[in-house]
Each structure stands twice: as structure tokens, then as C-alpha cells.
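Read off the chains here:
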Amino acid sequence: MQFYGTELTSRLFLGTAQYPSPKVLCEAITASGTEVITVSLRRESAAGAGTGFWQMLRQTGARILPNTAGCHTVQEAVTTAQMAREVFDTDWIKLEVIGHADSLQPDVFALVEAARILSGDGFKVFPYTTEDLVVGEHLLEAGCEVLMPWGAPIGSGQGLRNPDGLRAMRAHFPDTPLVVDAGIGRPSDAAAAMELGLDAVLLNTAVAKAGDPIAMAQAMAQAVRAGQIGYAADPMPRRDMAVPSTPVLGLADLK
Amino acid sequence: MITIAGAGLAGLASAYELLQRGAEVTLFEQGAGPGAASVARFAGGMLAPYCERESAEEEVITLGSRAFEWWAKITPVHRRGTLVVAPRRDRAELTRFARRTRGHQLLEGGEIAELEPALSGRFASGLFFEDEAHLDPRRALCDLSTAVENLGGEIRYDTPAPTRVDLDCTGMAAALPKLRPVRGEMVILHCPEVEISRTLRLLHPRIPLYLVPRDDQHFMIGATMVESNSSRPASLRSVTELLSAAFALHPAFGEASVVELGAGLRPAFADNLPRLFERDGVLHLNGLYRHGFLLAPAMAQRAAARLMPQTAQTPAMERTG
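Note that the protein sequences, when read in sequence, are chains A and B. Residue numbers for the first sequence follow the numbering used here, so the first one is 1 and each next one is one higher. Residue numbers for the second sequence follow the numbering used here, so the first one is 1001 and each next one is one higher.
Certain hints may be false.
To be verified - So the derived label-pair ranges between C-beta atoms look like this:
{"id": "1", "chain 1": "B", "residue 1": "D1215", "chain 2": "A", "residue 2": "P153", "range": "40 to 46 Å"}
{"id": "2", "chain 1": "A", "residue 1": "G5", "chain 2": "B", "residue 2": "G1033", "range": "55 to 61 Å"}
{"id": "3", "chain 1": "A", "residue 1": "A17", "chain 2": "B", "residue 2": "P1160", "range": "48 to 54 Å"}
{"id": "4", "chain 1": "A", "residue 1": "E7", "chain 2": "B", "residue 2": "G1109", "range": "37 to 43 Å"}
{"id": "5", "chain 1": "A", "residue 1": "T79", "chain 2": "B", "residue 2": "E1149", "range": "48 to 54 Å"}
{"id": "6", "chain 1": "A", "residue 1": "G5", "chain 2": "B", "residue 2": "R1164", "range": "53 to 59 Å"}
{"id": "7", "chain 1": "A", "residue 1": "A17", "chain 2": "B", "residue 2": "A1124", "range": "25 to 31 Å"}
{"id": "8", "chain 1": "B", "residue 1": "L1106", "chain 2": "A", "residue 2": "D89", "range": "48 to 54 Å"}
{"id": "9", "chain 1": "A", "residue 1": "A232", "chain 2": "B", "residue 2": "A1113", "range": "57 to 63 Å"}
{"id": "10", "chain 1": "A", "residue 1": "L140", "chain 2": "B", "residue 2": "G1109", "range": "50 to 56 Å"}
{"id": "11", "chain 1": "A", "residue 1": "E7", "chain 2": "B", "residue 2": "R1100", "range": "51 to 57 Å"}
{"id": "12", "chain 1": "A", "residue 1": "E7", "chain 2": "B", "residue 2": "A1124", "range": "48 to 54 Å"}
{"id": "13", "chain 1": "A", "residue 1": "D89", "chain 2": "B", "residue 2": "P1162", "range": "15 to 21 Å"}
{"id": "14", "chain 1": "B", "residue 1": "R1156", "chain 2": "A", "residue 2": "G99", "range": "53 to 59 Å"}
If you're looking for bench data, these hints aren't it; they were derived computationally from the structure. For clarity, every value in this text was computed on a predicted model and none was experimentally measured. Where a beta carbon is used, it is the ideal one built from N, C-alpha and C, also for glycine.
Isolated chain B (complex conformation) (with noise of 0.2 Å):
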């Protein structure tokens, strides 16, 4: 039997790993109900290695590559790609963007159109990342809870943790030393008027935005990063930068509804890259960032070869720290 601390993303990930070898697993989760005290719940569900390299370190490609095949497997993934664009005045950040980055073909306006009718005329160019998508990640955890169950995994609402477990998934609750918290606030919109199919990477050198459609004309647009450790509701000043450069978008955001304002804290180390380590007996797995539906597959499945060593299928070059 191996027990594992929290059933966020990176717990039930690791869960659904170690079924899959075999291994019986129990969850322990504060939470009263699947994903309803994860912070994956404020993510946007971006599988987005090349944008992501922008700003991240080259490990977000190699652990994040397969990651589309590990989700299709639970949940509805959208390949349609990224669409990145920015304002004409900022047209530089685009040519910055696609200099940092990499499998990206740079569209004209009327490419943009075909791709996404609803931006006809307002983007001169734009740079498309074919081989990215998104995922709903309220849904994908609710689906991944439901195949952890499925598999014969155990999930215990509403209970603490026992003081001694297998593996430590609990996120900023971990408390530990270098562990730092990236707030990030974001807004669903519902809006009717606009169809756009595929995430948008608005680029601005101020207010960097990214709209991630969901199912039922609903959007997520997200998100703030910020050094905090405050776990309030988001600010003013953030809602509105979101909301204006949703409108710099599409005027036709102007009409959304504001169905959700939603803040939560990335627990994060100083690279910003996810670290499996042992600490006091107890393996832990953090620091997914802004990359947990990126990145957890790949590190489940090493938290899982670690765990279950007889039966890894990868050999383990486990990120220690």
C-alpha cells in the first residue's frame, strides 16, 4: 500500500502511475471533492512547451512533450495549437517571442483568419504553434480522479493526512525550505459572441495575456504572476488589466459576463521547475509552477519509478534537490 498526500494535480497524477504498475494507493485530501482545493483548479490547461520556453528553462520541452498523449488518455485535449499575437504598436514583442522560441510558423492577417475568423483584421501577423493544445483542468481532474478510482485507487476526502506518508503532493501546505509561492490571478468570461477555437497568447510588454477557450463559450483568461504569499481575492488592479486586454482582443469581450474571479498560489523553487526529492523518509513531488498539467506526467511517472522500482519503465533520472 502507498499513501500519498493530496490529491491535486501532482498527487492523483502519481497515483494513477502507480496504479498502472500495479500498486494499491490511498489518497489523503483536505479537500471535500475532486480538485476542489487544488490550485490546478485557477490553471489554464495550457499543454504549451514552445511558448512556455519564452521564459522557462529547456527541461519544460523534455518533460512536457508527452504530455498530450498522457492526458488524452483521461481526458478531452484540444490540439488546435497556440495562436500568439500582439498589438501593432507592440509588433516587436512578437519578433522577440519567436526568436526565443521555437516550433512556430509566422502567420499574415489573413492566415490568422482562416485559424480564428473572430480576429479577422485586427492582427498583422502572428505566430501559430501547431504542435501545442489545452485541456479543461476543472474537468481533467475531475477525470483524473475518476480513473484513479477506476483503477482501484482510494480518495479520502475531507482527511488530514497521517503524519508519515509514501509520497508528499501537498503543494505550498508543504512547507518546505526554498518553496516559494507565485500568485496568479485570472477570470472566466462567458461571451456568446466571440468563437475562438484555440488558446491566444496576447503579448504586451506590461500586461502578457492568455485566453483559453472552454467548453459553452465559456474563456479563461489568465494570468497575473506575482511574488506573493497572499492567498486574497484577486485585486482590482489585476481584474483590470485581464479584462482590458481581453478587449484589446475582441471588443466583443466588452459584452462577456464575469462569471468567475479566481486567485491562487503556484508553489514554485527558485528555477521554477518541478523537483522530486526525499526528505525525512518522505518522497516528495513540487514546484509544478505554471507547468503542473505540463509537467506532472512526466513527473509521476518518475515519482512512481522511484516508489516501485522493480517495475519502472523509465529509467530514473529523477531531478534531486
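Looking at chain A on its own, in the form it has when it is part of the complex (with noise of 0.2 Å):
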């Protein structure tokens, strides 16, 4: 699977934030063998040189998706994208328009017309959505490649709310790029979400949070790997029924 024309090995994507240090969150990138990383731009750091932090960040080699978070209008959005295409050299983009303060639920309105305005200006936009099919076609019209929809609410930790919606997401988009980002807690969720035949997963706080982040690191890119293979291997189909696994057919009539 290819996205905006890379390939990509591991299909964990990590987020950057929260972490106890930055020692701890170079080595939790190292452990998960993550390929991309998301950095949050603050507009007040965009002026100078950047951060040490940042340059920390460059230096784990891991590719750098810089994020809009925290924007709540387009311009915010649009302008925090321009700002991070600078700093980072990168046209990757991962476009979050918050809708709502609380729930940190996406404005689906305001993310396709930045997603407009910024794929016309050659950036590559994996958009923060929600599961919503209609969302998401107006987002490839856009110009989007990638889709990533919302396991649960970000931070929440709650895995995947409405699987069936992803289920649908996935049959409607066959050929499209589809990242969770948002919600996953356990590795059972990140296995879930591969198994649903998604294409990767975006996490964060699961991570930065655990009491020993490291080793969740790994726990979650062993469960994005195991739901890929288990996806790709086609599991057998729910029965309502025991099946016996062994045949009976044959067996001594004792009557």
C-alpha cells in the first residue's frame, strides 16, 4: 500500500506529544519500528530555528507528518500547514480542523474546504475525519489520497466506537488509503482496526501514557502486525454454531 506514492512497511503511525521526555519517546519510536511520526506545530515556535526538540524528532529518521492540531477554522488550519511545510520540508500534511472543544470531534465542513485549499497548493492532506462516507468522497474530490477516520474521540482511549462504520468505510473506499487515527487504547484495538482491513493506525496517548510507554510501543506494533497478516489471511467466517474440528464421521458406534 502506497500512500501519496510512498511505501510504507510499518503501518503504525505515532504521535509525538505527551511523552514523560523526549528520551523516552525517541526510544518508544525506535521500539515500534514506526516509519511515520506526527509533530503538533505551535505557531509561537514556527519563528527562528524551530526547537531542540524538533531537531530530536528529525533525527530519529522516522518520516515527519506535522499536524494542524488544535485549529478550529480553515485559516488557523491553512496557515499552520504553510508554516509547517517550512519548517519540517515536507508536503505531508495531517489536517485536523477541530469542531467541537469537548469532544475534539472534526468540523467535516471546514476540513474539506482546507483540504481544498491546501491540496491545490500541492500539499499531500491525510485528513482527520470521521467514518462518514459522504465526508469522505467530498475529501477525495478535495484532492485527498488518504482517509482518517476516528476510531473514538482523541485521547480517549476508547477503541474502535463504530466498527461497522469503518466495515463500510472500507467496502466504499476499496482503493483508498485508510489511517484510524484517534481512540486506540489497547493493542486489541489496533489489531481490531487492521482486521477490519484498515490500512494503518495513528496513536498517541496509548502510547505516551502507558506507565511503561516503550513497551507499549512494541505491544502496539506486534497487534498493527498481527491484524494486517490476520486481515490479509482471510479468518473464517462467524458461526452461530459449534463446529467440531475434528470429524465424526467414522467414529466407533458404541450403541
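Using the hints, build the complex out of the two chains.
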């Protein structure tokens, strides 16, 4: 699967906020084997050479996917994306336009508008969206080649709140890379997302706020891999009755 | 004669330790007076190693456990413990905090009210870290400056350091590789209506806050943690978050006067732990991060032992790096 023409081996994208220290963060990145890390850009830092924190992130060797976290309007998101392109020297942008301060639910109308502006400006947009199919279509029309539906609200750790919606999205967009973004709490959630046939998982808090972020990064990577292989291996269907795995035919009839 | 660049927390504490060992010490300080240019002015002044352990390495406890005694010789230290509470819907945060820390006891609502009557009926449960304390950072910086001068140390204010000093304690100004700024913003409130006598921490998944009482019904509320090199004044977003969290702690803070908004850059290394190391023939003490008052005494003792090995009182176990 290619994401804007880039082949990624690891299907785990890792956020870089809220870790106990940058040292732990860098070790978690290494342990997870992730090739893509998201970085939030505070506009106040964009002037000057950037922070020491960013320099550490650049040195991890992972591809940086800057995000527009905390932006509530189209203009804010566009400005932040443009700054991020300068600072990190990449045309990848994770587009977040928040519609509601408490649920951090995306404002899908502003999202589509910002995606259109940024795609037109040459950005490769990774939009943080809901599982709504029509919104997904509008995002593709706006120029996006990847969709990132939420699993659950950002930072909630609830797992996949609407697996049927995600499954429908997979069926509706069979050729578009789909990344579950937000809501993952445990490795089993990450595996479940991949078992639905989605292409990657983006998570942050579940690793950053774990008691041992490095071990959790490793667990998430393994869960993503297991789910990915499991989906490709075509799992057996669910049945509502037991089906013995050893044949009954030929058993001795002792009556 | 030992020369020190920077009369902030690290420089003053090191000078104090060196003077105790009989050295002659001169500090060079860019600021105009005691603590005037020190980022420690904006600190909470918590001596809270057990709470900090929630997100910091074990060293904050091993290095910080003697800070109370050290500071108590210099400035008033209020050993009243730390009370950690969470809003009802964030009860899970309290459980998580308890699991990640030690040295606490679980309190029910009634016990919280006994400790802090102002919080009566507001929180159903909390954690009490009895062995923690707080001090007033600005007073402590002044008292420590006075103590240094009383011991014969010389502090030259408004004076750039010579190119070569024995010990560099200039924080972010030292421009060391791998030293990064972590911006913090804080608020000072004056609120005659609320009586709170110990440090409070309000756990919240997005806006964790602490409140440290100061003299005369003043309260310091902090602090944001932003990976940023900007030294602009506190942002509206941060101030809004800090103030609404204070309001959640007690609605009477709605009537408080906002006395001060502050912002500063904490110097930090990649593991957020301080370091003592030699570079180009100069000893550096830096990276106190958000643990300045807690870790400065132990790090200063190590710096003094390194500069005056013949008088070392503790085995040299410096962190190098």
C-alpha cells in the first residue's frame, strides 16, 4: 500500500506528544519500528530555527507528518500547514480542523474546505475525519488520496466505537488508504482496526501515557502487524453454532 | 577563587555549597537583582518528588528527597504535603496517578475537608502525599542570595561573566547542544475568599494543574508544558485553561484578582534530568527542567564536590553526559 506514492513497511503512525521525556519518546519510536511520526506545530515556535525538540525528532530518521492539531478554523489550519511545510520541509500534512472543543470532533465542513485549499497548494493531505462516507467522498474530490477516520474521540482510549462504520468505509473506498486516527487505547484495538482491513493506525496517547511507553510501543507495533496479517489471511466467518474441528464421521458406534 | 556564571537557582545553590566548603566565590549575573532574571521566578516552588515521579524518572526521588532539609536552613519551607484531586468524571486519572506513584494515602471526601475545609463537598476522593512541601520561589531566591553574601560570596549583578569561569549555570543562555527549552506559563491570583494551605494538584486528562499557596492569600497556578523556544508573554489559550481549571477547583476563584501572568523557558535535556559535566574546561550544571527547587541542592552538592574534591562531603556520583 502506498501513501501518496510512498511505500511504508510499518503500518503504525506514532504521535509525539505527552511522553514523559523526549528520550522515552525516541526509544518508543525505535521500539515501534514506525516510519511516520506526527508532530504538532505550535505557531509560536515557527519563527526562528525551531525547537530542540524538533531537532531530536528529525534525528530519529522517521518521516515527519506535521499536524494542525488544535486548529478550529480553515484559516488557522491553512496557516499552520504552510508554516509546517517550511519548518519540516515536507508537503505531507495531517489536517485537523476541530469543530467541538470538548469532544475534539472534526468540523467536517471546514475540513473539506481546508483540504481543497491545501491540495491546490501542493500539499499531500491526511485528513482527520469521521467514518461518514459522504464526507469521505468530498475529501477525495478535494484532492485527498488518504482518509483518516477516527476510532473514537482523540485521547479517549475507547477503541473502535463504530466498527461497522469503518467496515462500510473499507467497502466503499476499496482503493483509498484508510488510517484509523484517534481513540486507540489498547493493542487489541489496533489489531481490530487492521482486521477490518484498514491500512494503518495512528495513535499517540495510548503509548505516551502508558506506564511503560516503550513496551507499549512495541506491543502496538506487534498488534498492528498481527491484525494486518490476519486480515490478509482471510479469517474464517463467525458462526452461531459450534462446529467440531475433528471429524465425527468414522467414530466407533458403541451403542 | 571560584567563578560562577549565573546567579539563578543552580548558580546560587552551587555557590552556597562551595562557600560551606570554605571556597571564595564570585557570581556574575546578567539580572539587576536577586532572582530578577531567573526562570525560577516562575516556578511553583513545590518540593514534591513523589508526585513528580508520575512522569519523571526515579532520580527525582533519590536526588530530591533531601531538598526539604536543605531549603529549611535558608528559607521558610511549608511541610504540609500535597493533595491530589480529580473531578468526578476523571476519577480514572486519580487511579492512574496512584498506581504510578508512592508515598500517598487515599482520602475520602470527609478527610479532604479536614485537611482543606475550603474543599468540603467538592471532591469525593483524593490522594495525600504527606511528605511533600512547598516554598515561595521568589523569597527563596532572595534568601539564598542573602545566605550566599552572608557567607562571604560576591554576586555581581548587571555584569556579564568573563569568557572563562569555573562553573556555568546560565540555563538556556548556555546554548549547550541537546539542551532544549520547555516553555511554561503561570498565573498568580489574589483571592481573599479561599483558604488553602497546601499544594493542590487537579488531575485532568488535558489540563493538569497545580495550585501553590503563597503568602497573603496569593496563589500560584501552573503550569503549561510546551515544546517551544518562544519567550513571548503567556498565550490567551494557556491562561484560559489555567484559569478555568482554577475555577473548577473552587468557584470562589472566580472573584480572584489576576495579579500576574508569567512565562519562562525551562532548560531541559532529552531525559528531563539535570546534568553536571565538563565541556571545554568549564563545568556546567544545567537542565533542571521543572524540578529546580527539588533537585538544585543535590546537584549543587555534586558540583561543589567536583570543584573542591579535597573537601568532598559526599562520594562523587555525578551524572555525566
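Of all the hints given earlier, name the ones this structure violates by number, lowest first.
Hint check: 3, 4, 11 and 13 fail, others pass.
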